[in-house]
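Novice: Position chain B relative to chain A; hints supplied.
First to last, the sequence lines map onto chains A and B. Going by this note's numbering, the first sequence opens with residue 1, and the numbers climb by one from there. Going by this note's numbering, the second sequence opens with residue 1, and the numbers climb by one from there.
Please keep in mind that the hints were generated in silico from the structure rather than gathered at the bench. Beta carbons are placed, not taken as given, at the ideal position from N, Cα and C, and that holds for glycine. This list has only true hints and no planted wrong ones.
With a Cα cut of at most 20 Å, we get these calculated SDA-like pairs of lysine to any residue:
hint : chain 1 : residue 1 : chain 2 : residue 2
1    : A       : Lys149    : B       : Glu92
2    : B       : Lys197    : A       : Thr45
3    : B       : Lys198    : A       : Tyr44
4    : A       : Lys30     : B       : Asp23
5    : A       : Lys149    : B       : Asp46
6    : B       : Lys149    : A       : Gly93
7    : A       : Lys30     : B       : Asn193
8    : A       : Lys197    : B       : Thr45
9    : A       : Lys149    : B       : Cys87
10   : A       : Lys72     : A       : Met104
11   : B       : Lys143    : B       : Met131
12   : A       : Lys149    : B       : Thr50
13   : A       : Lys197    : B       : Val26
14   : A       : Lys72     : B       : Thr22
15   : A       : Lys149    : B       : Pro88
16   : A       : Lys30     : B       : Lys198
17   : B       : Lys149    : A       : Gly89
18   : A       : Lys197    : B       : Asn24
19   : B       : Lys72     : B       : Ser194
20   : B       : Lys149    : A       : Ser17
21   : A       : Lys197    : B       : Asp47
22   : B       : Lys149    : A       : Asp47
To spell it out: a stretch of chain B is covered by chain A in this simulated footprint if at least three of its residues, at any positions, have a beta carbon under 8 Å from a beta carbon of chain A; those stretches are:
hint : region
23   : 22-32
24   : 47-59
25   : 88-100
26   : 110-123
27   : 152-165
28   : 178-192
If the Cβ cut is set under 10 Å, some of the chain A residues that face chain B in the computed set are:
hint : residue
29   : Val48
30   : Ala121
31   : Pro124
32   : Tyr153
33   : Arg156
Number of protein chains: 2
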Amino acid sequence: MQGLSCGTSRIVGCRFSVYPMTDNFVDVIKGALEEVDTSKVWQYTDDVSTCIRGRSEHVFDVAKAIFIHAAKTGVHVVFNGTFSIGCPGDSEGDTYMSQDDRRMNEEKSQAEKVTAASQFALYPMNNPDYMQIIADQVQVAEKHGTFTKGVHYASRLDGDANDVFRTLEEAFTNTSKTSDRSHVTMTVAISANSPSKKDM
Amino acid sequence: MQGLSCGTSRIVGCRFSVYPMTDNFVDVIKGALEEVDTSKVWQYTDDVSTCIRGRSEHVFDVAKAIFIHAAKTGVHVVFNGTFSIGCPGDSEGDTYMSQDDRRMNEEKSQAEKVTAASQFALYPMNNPDYMQIIADQVQVAEKHGTFTKGVHYASRLDGDANDVFRTLEEAFTNTSKTSDRSHVTMTVAISANSPSKKDM
Numbered sequence: 001m002q003g004l005s006c007g008t009s010r011i012v013g014c015r016f017s018v019y020p021m022t023d024n025f026v027d028v029i030k031g032a033l034e035e036v037d038t039s040k041v042w043q044y045t046d047d048v049s050t051c052i053r054g055r056s057e058h059v060f061d062v063a064k065a066i067f068i069h070a071a072k073t074g075v076h077v078v079f080n081g082t083f084s085i086g087c088p089g090d091s092e093g094d095t096y097m098s099q100d101d102r103r104m105n106e107e108k109s110q111a112e113k114v115t116a117a118s119q120f121a122l123y124p125m126n127n128p129d130y131m132q133i134i135a136d137q138v139q140v141a142e143k144h145g146t147f148t149k150g151v152h153y154a155s156r157l158d159g160d161a162n163d164v165f166r167t168l169e170e171a172f173t174n175t176s177k178t179s180d181r182s183h184v185t186m187t188v189a190i191s192a193n194s195p196s197k198k199d200m
Numbered sequence: 001m002q003g004l005s006c007g008t009s010r011i012v013g014c015r016f017s018v019y020p021m022t023d024n025f026v027d028v029i030k031g032a033l034e035e036v037d038t039s040k041v042w043q044y045t046d047d048v049s050t051c052i053r054g055r056s057e058h059v060f061d062v063a064k065a066i067f068i069h070a071a072k073t074g075v076h077v078v079f080n081g082t083f084s085i086g087c088p089g090d091s092e093g094d095t096y097m098s099q100d101d102r103r104m105n106e107e108k109s110q111a112e113k114v115t116a117a118s119q120f121a122l123y124p125m126n127n128p129d130y131m132q133i134i135a136d137q138v139q140v141a142e143k144h145g146t147f148t149k150g151v152h153y154a155s156r157l158d159g160d161a162n163d164v165f166r167t168l169e170e171a172f173t174n175t176s177k178t179s180d181r182s183h184v185t186m187t188v189a190i191s192a193n194s195p196s197k198k199d200m
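Pulled out of the complex, with its shape left as it was, chain A reads as follows (with noise of 0.2 Å):
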């Protein structure tokens, strides 16, 4: 899949958060942590989240490898964040637009077997269309046989995590593109090994 950032200029960022519901959480997200490589984006963290920034596909690249390494532990883990492109108080600083399009972390991430549930949400902003253009995201996602259903205030997809992210990146992406200063949110909660029975 093609980057949103091809041609453009415009930063997608994310600001994310990694659960994992065990004793020894740190060492789940630092041993997560040492298996990407986050060379193409521009990170921070502090105590109540990360904030990664770059061309769309390398951000999608380190979530998703972030995600995947973290849960492949077996452990409960949940990713939870807001990706986010064009708001107009955003700022041009912190980005790290001009590095090719290869995903350092794709063939690493394709290699795992975890499996996903997923719900998310698109914010189209300033766009009086905004709920049409979530509809049609939704039959891509239907197309791609991860979509399970919608819920209360999100849509819920199900599958391989790389599979999951698949649709949530084309999903932004499509969105993304209604317009050249198109400003969309997009949050995601992806859990993995829960106890719980799945609500399929």
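Specialist: For chain B alone, coordinates are given in the frame of chain A:
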């Protein structure tokens, strides 16, 4: 603070998860739920998140109480969720709008002292003035004394959990009142007992 829904039939919902970073996360969540009176909200939990719906004041009352009673255990706990009102695709179902406005959990929540760090973002949909609306609510947070700083894609609040939730509720309520049919969402991550150094 008067609830949003006084004199209106506007349903507020919140889809959220509570993440206790401990091996016995199930016990922490169940223990917190046992202390919370959820009788005035509709509630449904699946393997990814919980959705509560009802009058604005009860949705915030229950959300805050669940976070506080989980966090008072001393475990590193995060509440991560999205509040919503006025979604055109929302249904009338699953609501408890005929309840009175007395908050069932306020007294017990106020009795706890939990220090919280939060990052939140407001999304007023389909509104060309949305950036100004967001800026106005940051000023509200500044008046409350909870606002710490802006970060990429969010605003940071710090303080007692009761104060932080008060700011969040007021920011959401004010934004919702910008029109009778406004559609507004607000994402919130609230953390307690993190071993990481506070980034204030």
